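We have chain A already, so just place chain B on it with the hints.
Number of protein chains: 2
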Amino acid sequence: MSNQLPYYYEVNLEWLSERTGELTAEHLPSLQIGVPPEFGGKEGIWTPEHLYVASVNSCFWATFLSIAHNSKLEFNQFRCSAKGKLEKVEGNGLQIIEITLKPRLTLLSESDKEKAIRIIEKAEKNCLISNSIKTIIKLEIEVVNA
Amino acid sequence: MSNQLPYYYEVNLEWLSERTGELTAEHLPSLQIGVPPEFGGKEGIWTPEHLYVASVNSCFWATFLSIAHNSKLEFNQFRCSAKGKLEKVEGNGLQIIEITLKPRLTLLSESDKEKAIRIIEKAEKNCLISNSIKTIIKLEIEVVNA
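Chain order of the listed sequences is A and B.
Sequential numbering from 1096 applies to the first sequence in the numbering used here.
Sequential numbering from 1096 applies to the second sequence in the numbering used here.
In isolation and in its complexed conformation, chain A is listed as follows (with noise of 0.2 Å):
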């Protein structure tokens, strides 16, 4: 893989009207976006800030799949909620300062629990989007048995 990079994602915007705006990206569907309702815009439509909180999410998710692979880890259900907390920072205005994820992860076998936990905090080290950003990652693990 290393032979290819580096990689390029590249994503359009165009706005539409008021604070509201459409994202495109080849071979994706579209979607629409918006300003967040605290800083003017309305409800109900995805803002830069749900977005940088799911790129992060969706990202820790992803390296726990191949890390998981990998390993030859068995589980059949892997949830993850991630939330972003915005405050001002003196010196640097508005900043998403931390992001707490939850992972919850639902193993075959209870003998994996340790190995489970290894590979999530693994997974977290090692996400490219966790790897670009200056927000605080904050884990809490939760792993159960089917």
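The set of hints was computed from the structure by calculation and includes no laboratory data.
Check each hint, because a few of them may be wrong.
Derived contacts from chain B toward chain A, CB cut-off under 7 Å, selection only [claimed, not checked]:
| # | residue |
| --- | --- |
| 1 | Leu1100 |
| 2 | Pro1132 |
| 3 | Lys1180 |
| 4 | Ile1224 |
Non-contacting residues of chain A with respect to chain B, defined by C-beta distances greater than 10 Å in every case (computed) [unchecked claim]:
| # | residue |
| --- | --- |
| 5 | Ile1162 |
| 6 | Asp1207 |
| 7 | Glu1237 |
Here are the computed distance ranges between Cβ atoms for each label pair [claimed, not checked]:
| # | chain 1 | residue 1 | chain 2 | residue 2 | range |
| --- | --- | --- | --- | --- | --- |
| 8 | A | Ser1125 | B | Pro1132 | 12 to 22 Å |
| 9 | B | Glu1209 | A | Asn1171 | 51 to 61 Å |
| 10 | A | Glu1205 | B | Lys1183 | 33 to 43 Å |
| 11 | B | Pro1132 | A | Gln1172 | 21 to 31 Å |
| 12 | A | Ile1236 | B | Thr1201 | 46 to 56 Å |
Since we're looking at a predicted model, the values are computed, not measured.
Here a beta-carbon is modelled for each residue, glycine too, at the ideal position from N, C-alpha and C.
Chain B only, in chain A's frame:
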């Protein structure tokens, strides 16, 4: 606004099958996501990398709208392409090292051109997602007349 901070943004992920999942958030339409093809996923689904580039692009746009509104700038079209570069960084693994933003603004009056450029540059500097990341943002501005 500062009295109400912090704001929270929560997004939940559920693994569906193979390398696809679903993102949900309160009041928002659900969004299918997947691992990108170059990491073993299939084409045609939003990926963590695309969501990340989308969050930067849309936050820049939202910040531009806000500053342009406060500055009474008149325009009738705003588009912006954003291209993220994923590269291996020594000692830190894979990382989105830079995103190039190419805004294209259509003004109603040519005399607003310099003001418009200042507003676009200010929008990039004040974007709360830009403030939250290590990724370098490059800006290539195009301002035209209607």
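Results of checking the hints against the structure:
no., hint, result
1, Leu1100, "holds, 6 Å"
2, Pro1132, "violated, 9 Å"
3, Lys1180, "holds, 5 Å"
4, Ile1224, "holds, 5 Å"
5, Ile1162, "holds, 12 Å"
6, Asp1207, "holds, 17 Å"
7, Glu1237, "holds, 14 Å"
8, A:Ser1125 with B:Pro1132: 12 to 22 Å, "holds, 19 Å"
9, B:Glu1209 with A:Asn1171: 51 to 61 Å, "holds, 60 Å"
10, A:Glu1205 with B:Lys1183: 33 to 43 Å, "holds, 37 Å"
11, B:Pro1132 with A:Gln1172: 21 to 31 Å, "holds, 25 Å"
12, A:Ile1236 with B:Thr1201: 46 to 56 Å, "holds, 49 Å"
Violated hint: 2 only; the structure is consistent with all others.
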